[in-house]
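Engineer: Each chain is listed here by its residues.
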Amino acid sequence: MTFSILDSARAEPVTTAPLLSLEDVRIDLRPGVPLVEALSFDVAPGEALAIVGESGCGKSLTSLAVMGLLPKNLKAGQSGKIVFEGMDLATASEGKLRGLRGNRLAMIFQDPLSALNPVLSVGAQIAEVLIAHARMSKAQAKARAIELLGEVGLPRPDLRFGDYPHQLSGGMRQRVTIAMAIACDPKLVIADEPTTALDVTVQAQILDLLTEIRKRTGQSLILITHDLGVVGEVADRMIVMYAGTVVEEGPVAEVLSRPKHPYTAGLLAARPSGSYVHGGQALSDIPGTVPAPDARPEGCLFAPRCARATARCREARPPLDRAGARAVRCFFPVDGALA
Amino acid sequence: MSLTDTSARRAPAARLALPPWARFLLGRLGQAFLVMALVVIGNFVIMQMAPGDLVTVIAGGADMTQEQMADLRARFGLDLPLLVQFWNYVAQLLTFDLGYSYRMNAPVWEVLSARLPTTAALVVLSLLFSVTIGTVMGVVSARRAGTLTDMGINAVALVLYAAPSFVVAMLLVLVFSVKLGWFPIAGLTTVSAGYTGWALVKDMAAHLVMPVTALCTFYVAIYARLARSTMLEVMDQDYVRTARAKGLSETRVIYVHTLRNALLPIVTMAGLQVSTVLGGAVVVETVFGLPGMARTAYDAVFQRDTTMLLGVMFVSSLAIVIVNLAVDLLYTVLDPRVSLK
Chain V
3 MTFSILDSAR
13 AEPVTTAPLL
23 SLEDVRIDLR
33 PGVPLVEALS
43 FDVAPGEALA
53 IVGESGCGKS
63 LTSLAVMGLL
73 PKNLKAGQSG
83 KIVFEGMDLA
93 TASEGKLRGL
103 RGNRLAMIFQ
113 DPLSALNPVL
123 SVGAQIAEVL
133 IAHARMSKAQ
143 AKARAIELLG
153 EVGLPRPDLR
163 FGDYPHQLSG
173 GMRQRVTIAM
183 AIACDPKLVI
193 ADEPTTALDV
203 TVQAQILDLL
213 TEIRKRTGQS
223 LILITHDLGV
233 VGEVADRMIV
243 MYAGTVVEEG
253 PVAEVLSRPK
263 HPYTAGLLAA
273 RPSGSYVHGG
283 QALSDIPGTV
293 PAPDARPEGC
303 LFAPRCARAT
313 ARCREARPPL
323 DRAGARAVRC
333 FFPVDGALA
Chain L
62 MSLTDTSARR
72 APAARLALPP
82 WARFLLGRLG
92 QAFLVMALVV
102 IGNFVIMQMA
112 PGDLVTVIAG
122 GADMTQEQMA
132 DLRARFGLDL
142 PLLVQFWNYV
152 AQLLTFDLGY
162 SYRMNAPVWE
172 VLSARLPTTA
182 ALVVLSLLFS
192 VTIGTVMGVV
202 SARRAGTLTD
212 MGINAVALVL
222 YAAPSFVVAM
232 LLVLVFSVKL
242 GWFPIAGLTT
252 VSAGYTGWAL
262 VKDMAAHLVM
272 PVTALCTFYV
282 AIYARLARST
292 MLEVMDQDYV
302 RTARAKGLSE
312 TRVIYVHTLR
322 NALLPIVTMA
332 GLQVSTVLGG
342 AVVVETVFGL
352 PGMARTAYDA
362 VFQRDTTMLL
372 GVMFVSSLAI
382 VIVNLAVDLL
392 YTVLDPRVSL
402 K
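Protein chains in written order, with my numbering: chain V, 3 to 341; chain L, 62 to 402.
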């Protein structure tokens, strides 16, 4: 799972109009305290984009903002544009959003046990999406839900239809939430850490399933993760988030092999190398911690933890510099291949 | 619920290869039987510990020789060894013979079977109304948490919670019977009218409106507060967010995904209400002059009618055990995680 993916550089120049486009999105916890700021990125039709970052960097908030599911107090502090299929979701009415959610844009959550309603059968939970959006009758929805359970790889889907979440294994449950997400053939699926709550052996199966579905249907996928191994397995392009903003963007193969932002480079260096033998060498780490939203530095957000930081970094915040498919928010980007 | 350890203790039954629901029912019936056995033993002990016995009650102030009293004791079997007496008592109960009340000059069961329906109607109706109204208030309050509506509902609930049922009962009588004359002051039927059929049902309903209301108020407040807090808790659950992420209507999110889960503690509370509401029924039956079982118990205490009191205890324990069994069964319907195994 390590370096084979790097050979297949899948990044093709994006020429078509993006399916989803975030422009300068900002989410304030309270005035002047942004959780997410200056966030801009595009997702092309059929593309798989990975959003990578530590917990608390704003990646889950970003996905909830796209779905229009931010808690009320954060919704009030949201600004910027979230354009999906030509419509700005940030200003769309709740009714419009409801018509899109589960239909054109769907989400897969981290922990399938808590994401599924414990008192409803898994079949009913899939069927209700179809009844809500595809105007199916109960019988049609049931038949289609059983088909979907088969498509996501549940054995004997007709029997599983009436099962309750607690009767299924973790992997099965996540397959059910995937079936729920793809029920109405959405254009964009957002998967928020879909494998974090699962056993390692099941993780790969779920990632394969996500990729297989995307290839078959041409759906776009946003994969939110903190696991760099997962990124290489699934995504075409990746963005790295740090303290609520994008610090690096580019094709997965390039970013993983030639990171430009010191933070990305630090993350990659902190990974255990492919083999389990480190020759007694300790893994490197990034000193310090992510600044809290109300204690973010004036200059570069990463400067306090960066070995390369200069006075300039501490005074001004670097812009996201774009060059071809790559972008980096750094005055002194790292140059050269990873050792 | 202690459903799991029941199955563990009843391991031998597993070998009988019964279907899960039958094993569950058998287990619960076994527990219910145990509870009833304890009630019966308790009753018998109380009867033995009470000063004097049946014969002294009958003898009362009347002049009775020691021989006559001994003769009576022999006739009632009161001279037999304690264990034999206990066995006779159990055998009596098994045929639903609850003994004879010398105060009322009637068999206990005859008195109670005539009065049980009134109390049952009072309890069941107040249960239905308080659960429904309280839950609706709680759901509305939770959906509008923090707004004026929410505060208003909370204020109403607090007043209902604080008002004792006898105060509510007397206020109702004053306003709706004395001043407005909408409802009859007391009793279960208008005896003089001699209604039959549908007219009788309507007449009884009119008589029950205020008693049921008086018995409801406190519990409406309990359910409103319980429903509000559980709804708010469930609304925070991931699966409710999933339901929203699926683009379901708000009605479906609230009533199918949220309320369905919030109902569990409410059902538990309803089971408890049945056991505690009898105390309130004493007050309400007294204020509204209803010929019910609760008031019979109250009267029996003051008239030292031990047989009647024990009869009431036996019948109400039986009712509570049956209701608890029903609540457990309802649990398995509402929450598939509570398995019948």
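A portion of the hints provided could be inaccurate.
Some chain V residues well away from chain L (every beta-carbon gap over 10 Å; in silico) [said to hold, decoys possible]:
| id | residue |
| --- | --- |
| 1 | R100 |
| 2 | A108 |
| 3 | A117 |
| 4 | A134 |
| 5 | R158 |
| 6 | F163 |
| 7 | H168 |
| 8 | V204 |
| 9 | D210 |
| 10 | D229 |
| 11 | S286 |
| 12 | R298 |
Not the full set, but computed from the structure, chain V residues with beta-carbon under 10 Å of chain L [claimed, not checked]:
| id | residue |
| --- | --- |
| 13 | G70 |
| 14 | R103 |
| 15 | G104 |
| 16 | T198 |
Distance windows between CB atoms, simulated [stated by the list, open to error]:
| id | chain 1 | residue 1 | chain 2 | residue 2 | range |
| --- | --- | --- | --- | --- | --- |
| 17 | L | M265 | V | A94 | 48 to 58 Å |
| 18 | V | L115 | L | E311 | 45 to 55 Å |
| 19 | V | R137 | L | G340 | 46 to 56 Å |
| 20 | V | E149 | L | E311 | 23 to 33 Å |
| 21 | L | A206 | V | K140 | 51 to 61 Å |
| 22 | L | P178 | V | P120 | 17 to 27 Å |
| 23 | V | K74 | L | L333 | 30 to 40 Å |
| 24 | L | A206 | V | L115 | 46 to 56 Å |
| 25 | V | K74 | L | V394 | 49 to 59 Å |
Everything labelled a hint here was simulated from the structure, so no lab data went into it. Since this is a predicted model, take the numbers as computed values, not measurements. In this text, a Cβ means the ideal position worked out from N, Cα and C, and glycines have one as well.
Engineer: For which of the previously enumerated hints does the structure constitute a violation, in increasing order of number?
Structural biologist: The structure conflicts with hints 1, 2, 3, 4, 7, 16, 18, 21, 22, 24, 25, although it agrees with all the remaining ones.
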